[in-house]
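> Residue strings, one per chain:
Protein chains: 2
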Amino acid sequence: MTVVATPVVNRNADPSAANPIADQMARLGRAARAAAEVLAQAPTDLKNGALMAAAEAIRSAGTTILTANRQDVAAARERKLAAPLVERLILDERRLEAMATSLRDIAALPDPIGTILARWQRPNGLDISRVRVPLGVIGIIYESRPNVTADAGGLCLKAGNACILRGGSESFLSSTAIARALAEGLESAGLPATAIQLVPTADRAAVGILLTMTDSIDVIIPRGGRSLIERVTAESRIPVIKHLDGLCHVYVDGAADPVKARAVTLNAKMRRTSVCGAAETLLVDRRAAETLPLLVADLLAAGCEVRGCPETQATDPRVKPATAADWDTEYLDAIMSVRVVNGVADAIAHINRHGSHHTDSIVTEDTATAEAFLAGVDSGIVLLNASTQFADGGEFGMGAEIGISTGKLHARGPVGAEQLTSYKYVVRGNGQVRP
Amino acid sequence: MTVVATPVVNRNADPSAANPIADQMARLGRAARAAAEVLAQAPTDLKNGALMAAAEAIRSAGTTILTANRQDVAAARERKLAAPLVERLILDERRLEAMATSLRDIAALPDPIGTILARWQRPNGLDISRVRVPLGVIGIIYESRPNVTADAGGLCLKAGNACILRGGSESFLSSTAIARALAEGLESAGLPATAIQLVPTADRAAVGILLTMTDSIDVIIPRGGRSLIERVTAESRIPVIKHLDGLCHVYVDGAADPVKARAVTLNAKMRRTSVCGAAETLLVDRRAAETLPLLVADLLAAGCEVRGCPETQATDPRVKPATAADWDTEYLDAIMSVRVVNGVADAIAHINRHGSHHTDSIVTEDTATAEAFLAGVDSGIVLLNASTQFADGGEFGMGAEIGISTGKLHARGPVGAEQLTSYKYVVRGNGQVRP
Chain A
1 MTVVATPVVN
11 RNADPSAANP
21 IADQMARLGR
31 AARAAAEVLA
41 QAPTDLKNGA
51 LMAAAEAIRS
61 AGTTILTANR
71 QDVAAARERK
81 LAAPLVERLI
91 LDERRLEAMA
101 TSLRDIAALP
111 DPIGTILARW
121 QRPNGLDISR
131 VRVPLGVIGI
141 IYESRPNVTA
151 DAGGLCLKAG
161 NACILRGGSE
171 SFLSSTAIAR
181 ALAEGLESAG
191 LPATAIQLVP
201 TADRAAVGIL
211 LTMTDSIDVI
221 IPRGGRSLIE
231 RVTAESRIPV
241 IKHLDGLCHV
251 YVDGAADPVK
261 ARAVTLNAKM
271 RRTSVCGAAE
281 TLLVDRRAAE
291 TLPLLVADLL
301 AAGCEVRGCP
311 ETQATDPRVK
321 PATAADWDTE
331 YLDAIMSVRV
341 VNGVADAIAH
351 INRHGSHHTD
361 SIVTEDTATA
371 EAFLAGVDSG
381 IVLLNASTQF
391 ADGGEFGMGA
401 EIGISTGKLH
411 ARGPVGAEQL
421 TSYKYVVRGN
431 GQVRP
Chain B
1 MTVVATPVVN
11 RNADPSAANP
21 IADQMARLGR
31 AARAAAEVLA
41 QAPTDLKNGA
51 LMAAAEAIRS
61 AGTTILTANR
71 QDVAAARERK
81 LAAPLVERLI
91 LDERRLEAMA
101 TSLRDIAALP
111 DPIGTILARW
121 QRPNGLDISR
131 VRVPLGVIGI
141 IYESRPNVTA
151 DAGGLCLKAG
161 NACILRGGSE
171 SFLSSTAIAR
181 ALAEGLESAG
191 LPATAIQLVP
201 TADRAAVGIL
211 LTMTDSIDVI
221 IPRGGRSLIE
231 RVTAESRIPV
241 IKHLDGLCHV
251 YVDGAADPVK
261 ARAVTLNAKM
271 RRTSVCGAAE
281 TLLVDRRAAE
291 TLPLLVADLL
301 AAGCEVRGCP
311 ETQATDPRVK
321 PATAADWDTE
331 YLDAIMSVRV
341 VNGVADAIAH
351 INRHGSHHTD
361 SIVTEDTATA
371 EAFLAGVDSG
381 IVLLNASTQF
391 ADGGEFGMGA
401 EIGISTGKLH
411 ARGPVGAEQL
421 TSYKYVVRGN
431 GQVRP
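Protein chains in written order, with the working numbering: chain A, 1 to 435; chain B, 1 to 435.
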């Protein structure tokens with residue numbers, strides 16, 4: 001893999017001159033397409049060998065990666081990047097080790113490629129099977145966290161895809177060092193190093209070009225904040241696996257066990273407030289009026305700001321009034337909006353209208369109510385008596401994930417190796433012709 | 001369902017005035033979204049009842065439908081539409097009966113909705129299932145053949161989706177009459193008639209509006225010629241299930257049985273030349289030099305024009321020289337391009353470069369060669385010793401189909417009821433919180 005160690009920022013280049021970024025991207029695309037053809041046919045042990053070797057290369061290149069990361073962090077502080085963004089950028093020994101472990105975990109997953117998904121015979125003797133195959137070339141555009149470089153590269157490789165990775169410009173040097181370790185892993189297994197390529201420039205124009213490379217990229221996966229996803233969705237000429245925000249809900253039903261309701265609500269909101277599976281809105285059945293003050297008190301005691309409807313405000317003077325905008329806001333912070341509703345039908349209507357079709361949970365002991373909620377809420381993940389923070393490929397037992405898809409096409413919910421595949425029909429005959 | 005019996009053509013309307021088409025389309029979208037919520041929860045017997053009643057309504061409204069169709073056909077002839085397009089437009093008793101039979105066949109298919117695709121337990125006791133659910137609202141844009149109105153509407157209904165259908169303007173009156181019969185079927189089963197809506201205007205502006213209705217439509221399926229597909233792909237802000245052209249190949253290997261090779265080639269090309277599964281290019285292994293003249297003679301004898309590489313031209317003076325453009329041309333006519341190649345690797349390279357990833361067949365008695373072809377050709381359907389004309393949902397035993405997807409995302413190959421679905425994760429717990 002050819003990577004340029006210094007960002008090439010070229011925003012004011014003369015457009016009438018040769019466009020070096022367009023040329024660079026076109027070369028990347030051709031190399032990815034060629035690598036994808038090799039990867040699609042690569043045996044499982046070669047792919048796993050590359051993943052194990054990449055894990056080893058990340059450990060042995062530890063000093064180089066951490067040095068590159070310190071440069072990124074220093075530059076980010078100089079540019080006065082917000083503190084949480086700088087925090088997400090920082091690598092240390094522990095995070096390096098976690099990256100290597102994740103690659104080894106991906107190696108241990110079953111190989112999805114070649115699996116026969118269905119097989120049947122036709123009366124005319126044709127034998128039809130639907131067989132899992134790779135998607136081809138995947139473009140992944142992400143922000144900040146440099147470990148995504150290893151996770152995304154590793155998952156694509158496992159599923160037999162080549163990938164073109166475009167990390168945040170603030171993590172450019174860290175991602176470059178990590179990508180070099182992944183390329184070493186591929187080379188040591190005898191696979192093309194170009195199966196995992198990082199866009200070798202921090203120039204933003206590269207993203208615009210990437211989104212139009214319909215000949216060399218089969219699918220785009222954006223992972224990041226709302227503005228990134230919206231830009232990608234609006235500009236991409238390539239199909240997108242969407243990862244929108246997580247405006248997740250907990251609904252405490254009148255038939256809820258109050259102990260479970262309190263534990264699930266507090267965990268769903270406060271375990272980590274910055275993850276997409278964190279709950280943002282609590283809906284409480286009017287029949288659970290006795291539990292409402294306990295839920296509010298728990299949140300306030302944990303340092304969570306509560307913004308409530310009038311009935312919720314009546315439970316505690318510290319509750320602030322919720323505005324109409326609150327029901328549509330993903331706080332990703334220690335803030336929760338709370339609303340009293342009239343039973344499960346009301347809760348379903350609120351969630352389908354205001355939610356982001358990501359992850360929503362009901363707390364109830366009533367089976368019929370539970371099933372109505374699980375069927376009626378139109379989200380990728382619906383839970384009964386469990387925290388929304390379980391919305392995670394690892395927690396589902398799927399291994400690493402690239403993100404949680406909120407779209408309904410192709411992949412919904414956690415996107416792991418299996419979701420990075422397509423299928424083909426293989427039909428075996430003995431000279432059959434169609435009458 | 002509200003349908004306007006006469007096309008509203010309004011191309012020169014003052015854009016600053018209220019836009020009646022935009023308003024009409026917005027109403028259609030809201031009605032579809034509301035109907036989709038009902039359809040998603042509709043029990044199997046209601047959906048099947050609506051399909052059976054729609055089949056009956058098409059038969060009892062036969063005279064009305066045929067009268068509307070005669071008006072369409074007369075208008076098409078007046079506008080001097082090409083003869084094959086007029087032919088596709090014409091309905092008669094037999095075609096009406098085929099439409100009703102197709103609806104009954106769709107009713108007889110298993111209901112894909114609610115199927116548990118996978119289910120597993122986690123060590124913490126969480127019970128996870130992946131359950132098939134409808135996609136929501138499907139927009140289908142198609143050309144000419146009015147029977148697509150019944151097939152597409154029926155398949156969407158079976159899979160619990162609402163749909164907005166936009167047929168060709170030349171079949172507007174026929175499609176309106178058919179859609180009215182489908183609406184009758186829905187109403188008689190107690191389901192919302194708005195679950196199947198036809199765009200109630202022949203104005204082309206409606207398509208442009210349809211492709212931007214991201215709030216009310218979940219997926220767009222175009223079915224028609226290349227220019228339609230390209231317009232939809234370029235303009236749509238909604239995800240598209242692509243149906244590109246079928247540039248299909250037959251490869252006759254050196255180890256082919258000449259009898260099978262001749263039967264498969266002739267059928268793949270000449271059974272029907274206008275279908276997307278018709279073969280356009282024949283590749284012949286140099287080691288099959290003795291079979292080549294027989295294949296060419298068969299095609300010529302059947303009235304097929306042959307355009308060949310120099311080696312093919314040497315077999316018969318009637319073979320015309322193939323130009324570079326021939327390898328990239330979908331003739332949909334009695335024309336075949338023929339090229340001699342050096343074995344299976346050469347054939348795979350030619351197909352992956354020039355084909356449309358639709359359907360390709362190898363004729364060989366050698367297992368290793370067959371497996372190399374089936375694995376290496378990157379198409380939705382790959383066949384061994386069988387005609388490419390088997391590329392059809394019905395021939396696969398999947399029932400009716402909306403078309404053959406040449407994209408790799410979501411659905412590949414024949415798109416039937418099962419492919420018009422998504423899934424959700426249902427997680428059942430007992431108070432679990434994430435550590």
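Just so you know, the hints here were simulated from the structure itself, not pulled from any lab data. Treat the hints with caution; some may be incorrect.
Chain B regions said to be covered by chain A (calculated; three or more residues, Cβ under 8 angstroms) [said to hold, decoys possible]:
(1) 77 to 85
(2) 114 to 127
(3) 278 to 288
(4) 373 to 386
(5) 393 to 405
Beta carbons: idealized from backbone N, C-alpha and C, even for Gly.
> Would you say the segment 393 to 405 of chain B counts as covered by chain A, given the rule of at least 3 residues with C-beta under 8 angstroms?
holds (count 3)
> So is the segment 77 to 85 of chain B in contact with chain A by the C-beta rule, three or more residues under 8 angstroms, or is the coverage claim wrong?
violated (count 0)
> Holds or violated: the segment 114 to 127 of chain B covered by chain A, criterion of 3 or more residues with Cβ-Cβ distance under 8 angstroms?
With 3 residues closer than 8 angstroms to chain A, the segment 114 to 127 of chain B meets the three-residue bar; holds.
> Against chain A, does the segment 278 to 288 of chain B show at least 3 residues with beta-carbon separation below 8 angstroms?
Answer violated; 0 residues pass the 8 angstroms Cβ test.
> Do three or more residues of the segment 373 to 386 of chain B come closer than 8 angstroms to chain A, measuring C-beta to C-beta?
Holds: 12 residues of the segment 373 to 386 of chain B have a Cβ under 8 angstroms from chain A.
Hint check: violations occur at hints 1, 3; the rest are consistent with the structure.
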